[in-house]
Amino acid sequence: MRSVEIDPIGERIEAVRQAASAQTLLAATAVLATSDHGNGVNNEAIACLVEVLGFNNPGAAVAAVDGLIALGPEAVEPILESLDPRNYGARAWAVRALAGIGDVRGLDLLEEALASDIGPSVRRAAARGLGQLRLAGLPREQRHPIAARCLEALLAGCGDGEWVVRYAVVVGLEALAPELQPEQPGAPPRGLAQLRSALERLSTDPAEDASVVNLRAALALQRLAPLSAAEGAHG
Amino acid sequence: MAGTIDPDAGISAAGEPITEAEALQRLRQSEDQSQQYYAAWWLGRNRSRHPEALPLLLATLRQRRPRDPGAGVEENAIARNAARALGKLGDAGAIPELLAALDDEDDGLREAAARSLGELQATEAVAVLLRRLASGPAGAGAPRLDSPRLQEPCEAMLEALGAIGIAEPGVITLIEPFTAHDRPLIRSAACRALLQLSGEARWAEPLMQLLDHPQLQVRRAALMDLGAVGWRPALEPICHTLAENSLKLIALRGLVEQGAHHDATIQAGAVLSAMDSLL
Numbered sequence: 008m009r010s011v012e013i014d015p016i017g018e019r020i021e022a023v024r025q026a027a028s029a030q031t032l033l034a035a036t037a038v039l040a041t042s043d044h045g046n047g048v049n050n051e052a053i054a055c056l057v058e059v060l061g062f063n064n065p066g067a068a069v070a071a072v073d074g075l076i077a078l079g080p081e082a083v084e085p086i087l088e089s090l091d092p093r094n095y096g097a098r099a100w101a102v103r104a105l106a107g108i109g110d111v112r113g114l115d116l117l118e119e120a121l122a123s124d125i126g127p128s129v130r131r132a133a134a135r136g137l138g139q140l141r142l143a144g145l146p147r148e149q150r151h152p153i154a155a156r157c158l159e160a161l162l163a164g165c166g167d168g169e170w171v172v173r174y175a176v177v178v179g180l181e182a183l184a185p186e187l188q189p190e191q192p193g194a195p196p197r198g199l200a201q202l203r204s205a206l207e208r209l210s211t212d213p214a215e216d217a218s219v220v221n222l223r224a225a226l227a228l229q230r231l232a233p234l235s236a237a238e239g240a241h242g
Numbered sequence: 018m019a020g021t022i023d024p025d026a027g028i029s030a031a032g033e034p035i036t037e038a039e040a041l042q043r044l045r046q047s048e049d050q051s052q053q054y055y056a057a058w059w060l061g062r063n064r065s066r067h068p069e070a071l072p073l074l075l076a077t078l079r080q081r082r083p084r085d086p087g088a089g090v091e092e093n094a095i096a097r098n099a100a101r102a103l104g105k106l107g108d109a110g111a112i113p114e115l116l117a118a119l120d121d122e123d124d125g126l127r128e129a130a131a132r133s134l135g136e137l138q139a140t141e142a143v144a145v146l147l148r149r150l151a152s153g154p155a156g157a158g159a160p161r162l163d164s165p166r167l168q169e170p171c172e173a174m175l176e177a178l179g180a181i182g183i184a185e186p187g188v189i190t191l192i193e194p195f196t197a198h199d200r201p202l203i204r205s206a207a208c209r210a211l212l213q214l215s216g217e218a219r220w221a222e223p224l225m226q227l228l229d230h231p232q233l234q235v236r237r238a239a240l241m242d243l244g245a246v247g248w249r250p251a252l253e254p255i256c257h258t259l260a261e262n263s264l265k266l267i268a269l270r271g272l273v274e275q276g277a278h279h280d281a282t283i284q285a286g287a288v289l290s291a292m293d294s295l296l
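As given, the protein sequences belong to chains B and W, one line each in that order.
For what it's worth, the numbering used here labels the leading residue of the first sequence as 8, then goes sequentially.
For what it's worth, the numbering used here labels the leading residue of the second sequence as 18, then goes sequentially.
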């Protein structure tokens, strides 16, 4: 006689779907989001976490975003397919999830969010995400155009009206810098000088009312000094 | 907690982008009050340096009227917004009128005026603030019968005393009993002020305990208060607080910008890397 197969993921999805209160939804989402998926990623689990993004329950949405980030690239298509222009909240959480996953398929949404989302916390997440797209696995000829788009979006974000977004732009620029290094000595510059001068402006801007932004930009420049020197010498 | 949870704030935030000239024009007219309301907010938000901003905002502040509980429209909303904006302009010329507003019968206006006088670090305001709070938690801090508010806007007034920074014994003795007030938000404001004025770690302890309070609103207030003081030993507890990252980031910004004089053992760099991980 066979023992009954227990499907813990299935049960956990069911718990999220059955949750009757904000508290139980948060708890059930947190359990599902931290589940070990073993050999294969469970598409139903992804769909369920994506659905939670639209429930207007911030606690549960935070847990679902963490879960989706942990699932990584598998979660990107379901997130993009679920985007609903009429549900602003869900869209904002989707931006956060895509920023954390760092998959290039999220690039369009991240650009759009940094440029025009009304929520500073969404623009903040998008700026961070634009600095940390995972480009390492892509063919060479694709990498640079994508990095250039990220740079352009982040340079425009330097003028954001909210200090926390400018702070995130600085962090994004620092993270993006290695992608902009010339491939070999003597190769044409790829925007590193532009990135550096943007950081220089942010580190000294007298109109900046948040000195923490000045300070963070100065720290980024200090960390990037070796890279910048290399482009200066050859480009 | 620096007026972060301001019921009036959302209305103006939804407005369309306008220019400074347009904001001044909207404030000058008096037919459309919602335009005045937005214009006053706009000038404060953008810290206008236009020479007309101060006189126009002062005129708007004077526009207040005796409260009529029967009237549908809250006339003083515009005067309150003007009072808030005057704190952000950073012009000491606003101090006399704001001082007068501290004795207005509208406690919402007294609250806005107190916060602005704190922002302007107006030492002239200390005597009036002490007078209004002199009856202590059982008087100034007693709940009103007609609303959930207290007799005086204690939170704003205590915070103003901390921000103004006159650490005289009379000020300290007046604030201390408020650290035992029934309401956690008042305790938080009192501890914040005492920590700012004295730099004594014993006032930081209750604030850090409030970071674990069951109510989110209280945890948020404690975050803002530790940030306003710049209390760097609170770095770890702030990072672990159950609240939005947006608020933790504001608090940590305070630790970087205000914190150097409190505790040199936690460097700004450690705070910056904590901020990076909250983005």
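Hints should not be assumed to be uniformly reliable.
[As the list claims (entries may be wrong)] Reference excerpt, derived from the structure (chain B facing chain W, CB under 7 Å, subset only):
hint: 1; residue: R131
hint: 2; residue: R135
hint: 3; residue: V171
hint: 4; residue: A175
hint: 5; residue: V178
hint: 6; residue: S218
hint: 7; residue: V219
hint: 8; residue: N221
hint: 9; residue: R223
Calculated from the structure, these hints are not laboratory results.
Given the structure is predicted, the values throughout are model-derived calculations rather than measurements.
Don't be surprised by glycine CBs; every beta carbon is placed ideally from N, CA and C.
The hints, checked one at a time:
{"no.": "1", "hint": "R131", "verdict": "holds (6 Å)"}
{"no.": "2", "hint": "R135", "verdict": "holds (4 Å)"}
{"no.": "3", "hint": "V171", "verdict": "holds (6 Å)"}
{"no.": "4", "hint": "A175", "verdict": "holds (5 Å)"}
{"no.": "5", "hint": "V178", "verdict": "holds (5 Å)"}
{"no.": "6", "hint": "S218", "verdict": "holds (5 Å)"}
{"no.": "7", "hint": "V219", "verdict": "holds (5 Å)"}
{"no.": "8", "hint": "N221", "verdict": "violated (10 Å)"}
{"no.": "9", "hint": "R223", "verdict": "holds (6 Å)"}
Of the numbered hints given earlier, the model fails hint 8 alone.
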